[in-house]
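Trainee: Each protein sequence line maps, in turn, to chains A and B. Here the working numbering is used: the first residue of the first sequence is 1, the next is one more, and so on. Here the working numbering is used: the first residue of the second sequence is 1, the next is one more, and so on.
Just so you know, these hints were derived from the structure itself, not from any lab. Wrong hints could be hidden among the right ones.
[Unchecked claim] In silico DSS-like pairs for lysine-lysine, Cα to Cα no more than 25 angstroms straight-line:
| hint | chain 1 | residue 1 | chain 2 | residue 2 |
| --- | --- | --- | --- | --- |
| 1 | B | Lys153 | B | Lys98 |
| 2 | A | Lys56 | A | Lys39 |
| 3 | B | Lys98 | A | Lys63 |
| 4 | A | Lys41 | A | Lys63 |
| 5 | B | Lys125 | A | Lys67 |
| 6 | A | Lys56 | B | Lys28 |
| 7 | B | Lys149 | B | Lys117 |
| 8 | A | Lys77 | B | Lys125 |
| 9 | B | Lys98 | B | Lys125 |
| 10 | A | Lys56 | B | Lys16 |
| 11 | A | Lys61 | A | Lys39 |
| 12 | B | Lys149 | B | Lys125 |
| 13 | A | Lys77 | A | Lys56 |
| 14 | B | Lys98 | B | Lys149 |
| 15 | A | Lys77 | B | Lys28 |
| 16 | B | Lys149 | B | Lys180 |
| 17 | A | Lys61 | B | Lys117 |
| 18 | A | Lys39 | B | Lys125 |
| 19 | B | Lys16 | A | Lys41 |
| 20 | B | Lys28 | A | Lys63 |
| 21 | A | Lys77 | A | Lys67 |
| 22 | B | Lys125 | B | Lys153 |
| 23 | A | Lys67 | B | Lys149 |
| 24 | B | Lys180 | B | Lys16 |
| 25 | B | Lys16 | B | Lys117 |
| 26 | A | Lys39 | A | Lys77 |
[Stated by the list, open to error] What the simulated footprint calls covered on chain B by chain A, stretch by stretch (three residues with Cβ under 8 angstroms from a Cβ of chain A suffice, anywhere in the stretch; the number is not a length):
| hint | stretch |
| --- | --- |
| 27 | 98-112 |
| 28 | 143-157 |
| 29 | 167-181 |
Where is the CB? At the ideal position from N, CA and C, for every residue including glycine.
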Amino acid sequence: MKSKMYRLKHGLVLSLAAISLCIAPGLCGEELVPGYVAKNKIQQVATGIEWNTDLKAAEDKAKESNKMILWINMIGKMEGAT
Amino acid sequence: MRAVSLSEEPAFSILKDELVCGYRDISKEPWAGYSGKHEVGGNAINTSNGAGPHNLQTFIMASDGTVLTCLPGYWAPQDLVYEIEFASRLNDIYANPKYGPAQRRLMFRSMHLAHIKEHPHDMSKRSHMQHFDQNYEAEHRLRTTDTIKESVKATLGDGSNVPSDAFKTTDILMHERMAKRPFLAYAEFDTARYSDYGRPQYDKNEDQRDTSGLVDKGARSKKDTIGNDPSKKARRNRMIKNIALQGLRTGLRFAR
Numbered sequence: 001m002k003s004k005m006y007r008l009k010h011g012l013v014l015s016l017a018a019i020s021l022c023i024a025p026g027l028c029g030e031e032l033v034p035g036y037v038a039k040n041k042i043q044q045v046a047t048g049i050e051w052n053t054d055l056k057a058a059e060d061k062a063k064e065s066n067k068m069i070l071w072i073n074m075i076g077k078m079e080g081a082t
Numbered sequence: 001m002r003a004v005s006l007s008e009e010p011a012f013s014i015l016k017d018e019l020v021c022g023y024r025d026i027s028k029e030p031w032a033g034y035s036g037k038h039e040v041g042g043n044a045i046n047t048s049n050g051a052g053p054h055n056l057q058t059f060i061m062a063s064d065g066t067v068l069t070c071l072p073g074y075w076a077p078q079d080l081v082y083e084i085e086f087a088s089r090l091n092d093i094y095a096n097p098k099y100g101p102a103q104r105r106l107m108f109r110s111m112h113l114a115h116i117k118e119h120p121h122d123m124s125k126r127s128h129m130q131h132f133d134q135n136y137e138a139e140h141r142l143r144t145t146d147t148i149k150e151s152v153k154a155t156l157g158d159g160s161n162v163p164s165d166a167f168k169t170t171d172i173l174m175h176e177r178m179a180k181r182p183f184l185a186y187a188e189f190d191t192a193r194y195s196d197y198g199r200p201q202y203d204k205n206e207d208q209r210d211t212s213g214l215v216d217k218g219a220r221s222k223k224d225t226i227g228n229d230p231s232k233k234a235r236r237n238r239m240i241k242n243i244a245l246q247g248l249r250t251g252l253r254f255a256r
């Protein structure tokens, strides 16, 4: 009986530890990027890369430069809220 | 979902120097999903590959707009680069005049399916489907979904509890779906169907988290959303209905 209680108690502690590890995103393979870091990175992507918003224009440029096209469908704007 | 991860090297330099880039806002598309609204200075999260497929799709296309591959949802920058390299091999096939259309399509299919086996183990580990998406698939389309491994699906009864490892990883799902769409023009590509798995809402409450990563439930309930949020639509419809009713009442009052 005593060992059953011991196992139950320790099992509970281990489960809670596992749950709390998964709540903290960094430890579950998901990393939270703070706002000020995210802002700099977004600005770098929005201004450092030329973004076309017209696919036809992008195709013309790609044909001219013999490049492939990377086209993103996204909710929101590249330089604004998403 | 935001472009934060695209700033990582070598993804950033490849996008900047080796590709022509573009984007469009799909907020108003009927098939788009929704999420919490993130301002530029808000927190971001590096999540798993294929998360938020209704909210974000990254196409790699030939210069004439023919789709070589499409990555649904978020993808880690190193995995995006890996898939760009694969797309360039498809682009070589597409541009090679020695292959006829039928042969090209055949090669497209076999190359997409073969690429699944080429994926590094770490990439597959990063491609675990989100649990809320797995639950949605099990609950809403257990019999028809292609997200569950066929060998497991046959053994499942209605209302079965589907184990997490019964689901395909998103890197497999992506190539299996692409293999059925050989060299389609962007305009012909059925993005809605292609990117449809899991629930329409993707949200990790990034801006409602404290420094330890815990979500503030009070803030979460008050936040604004972006995209096709059904509760927002219902609120708007209720408001329109109320205004119309009020107008009708006022008109009737005047008529008397």
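Trainee: Would you mind marking each hint as holding or not holding in the structure?
Mentor: Results of checking the hints against the structure:
The straight-line distance between the Cα atoms of lysine 153(B) and lysine 98(B) is roughly 41 angstroms, outside the 25 angstroms bound, and the hint therefore fails. Restraint check for lysine 56(A) and lysine 39(A): not satisfied, since their Cα atoms lie roughly 30 angstroms apart, outside the 25 angstroms limit. Note on lysine 98(B) and lysine 63(A): the hinted pairing holds, with a Cα-Cα distance of about 20 angstroms set against a maximum of 25 angstroms. For the hint pairing lysine 41(A) with lysine 63(A), the CA-to-CA distance comes to about 29 angstroms; that exceeds 25 angstroms, so the pair is violated.
Pair hint lysine 125(B) plus lysine 67(A) does not hold up; C-alpha atoms about 31 angstroms apart against a cutoff of 25 angstroms. For a cut-off of 25 angstroms, the pair hint linking lysine 56(A) to lysine 28(B) stands: about 20 angstroms separates their Cα positions. Taken as a hint, the lysine 149(B) and lysine 117(B) pair is honoured in the structure, with Cα atoms around 16 angstroms apart against an allowance of 25 angstroms. Distance restraint check for lysine 77(A) and lysine 125(B): the Cα-Cα separation of roughly 30 angstroms exceeds the 25 angstroms cut-off, and the hinted pair is therefore not satisfied.
Note on lysine 98(B) and lysine 125(B): the hinted pairing is violated, with a Cα-Cα distance of about 38 angstroms set against a maximum of 25 angstroms. Annotation: proposed proximity of lysine 56(A) to lysine 16(B) holds, straight-line Cα distance about 19 angstroms (limit 25 angstroms). Simply put, lysine 61(A) and lysine 39(A) have alpha-carbon atoms about 29 angstroms apart, too far for the 25 angstroms limit, and the pair is violated. This hinted pair checks out: lysine 149(B) and lysine 125(B) have alpha carbons roughly 17 angstroms apart, not beyond 25 angstroms.
Between lysine 77(A) and lysine 56(A) the alpha-carbon distance is near 19 angstroms, which keeps this suggested pair within the 25 angstroms criterion. Among the hinted pairs, lysine 98(B) with lysine 149(B) is inconsistent with the structure: their alpha-carbon atoms are about 37 angstroms apart, more than 25 angstroms. Distance restraint check for lysine 77(A) and lysine 28(B): the Cα-Cα separation of roughly 13 angstroms lies within the 25 angstroms cut-off, and the hinted pair is therefore satisfied. At most 25 angstroms may separate the alpha-carbon atoms for a hinted pair to count; lysine 149(B) and lysine 180(B) meet this at roughly 17 angstroms.
A distance of roughly 34 angstroms separates the Cα atoms of lysine 61(A) and lysine 117(B); the hinted pair therefore is violated under the 25 angstroms criterion. Between lysine 39(A) and lysine 125(B) the CA atoms are separated by roughly 28 angstroms; this puts the pair beyond 25 angstroms, and the hint is violated. Taking the CA atoms of lysine 16(B) and lysine 41(A), the gap is about 14 angstroms. The hint holds against a cut of 25 angstroms. Restraint check for lysine 28(B) and lysine 63(A): the C-alpha separation of about 30 angstroms exceeds 25 angstroms, so the hint is violated.
The suggested pairing of lysine 77(A) with lysine 67(A) holds, with an alpha-carbon distance near 24 angstroms, which does not exceed 25 angstroms. Our distance criterion of 25 angstroms between C-alpha atoms is met by lysine 125(B) and lysine 153(B), whose separation comes to about 22 angstroms. Taking the CA atoms of lysine 67(A) and lysine 149(B), the gap is near 37 angstroms; set against the 25 angstroms cutoff, the hint is violated. Proposed proximity of lysine 180(B) and lysine 16(B) is contradicted: the alpha carbons are some 30 angstroms apart, above 25 angstroms.
Straight-line distance between C-alpha atoms of lysine 16(B) and lysine 117(B) comes to about 29 angstroms, which puts the hinted pair past the 25 angstroms bound. In summary, the hint linking lysine 39(A) to lysine 77(A) is supported, as the alpha carbons are separated by about 14 angstroms, within the 25 angstroms threshold. With a cut-off of 8 angstroms between beta carbons, the stretch 98-112 of chain B has 0 residues touching chain A; three or more are needed, and the interface restraint is violated. Look at the stretch 143-157 of chain B against chain A: 0 of its residues bring a Cβ nearer than 8 angstroms to a Cβ of that chain, fewer than three, so the hint is violated.
With 0 residues having a Cβ less than 8 angstroms from any Cβ of chain A, the stretch 167-181 of chain B misses the three-residue criterion, and the hint is violated.
In this structure, the hints that do not hold are numbers 1, 2, 4, 5, 8, 9, 11, 14, 17, 18, 20, 23, 24, 25, 27, 28 and 29, in rising order.
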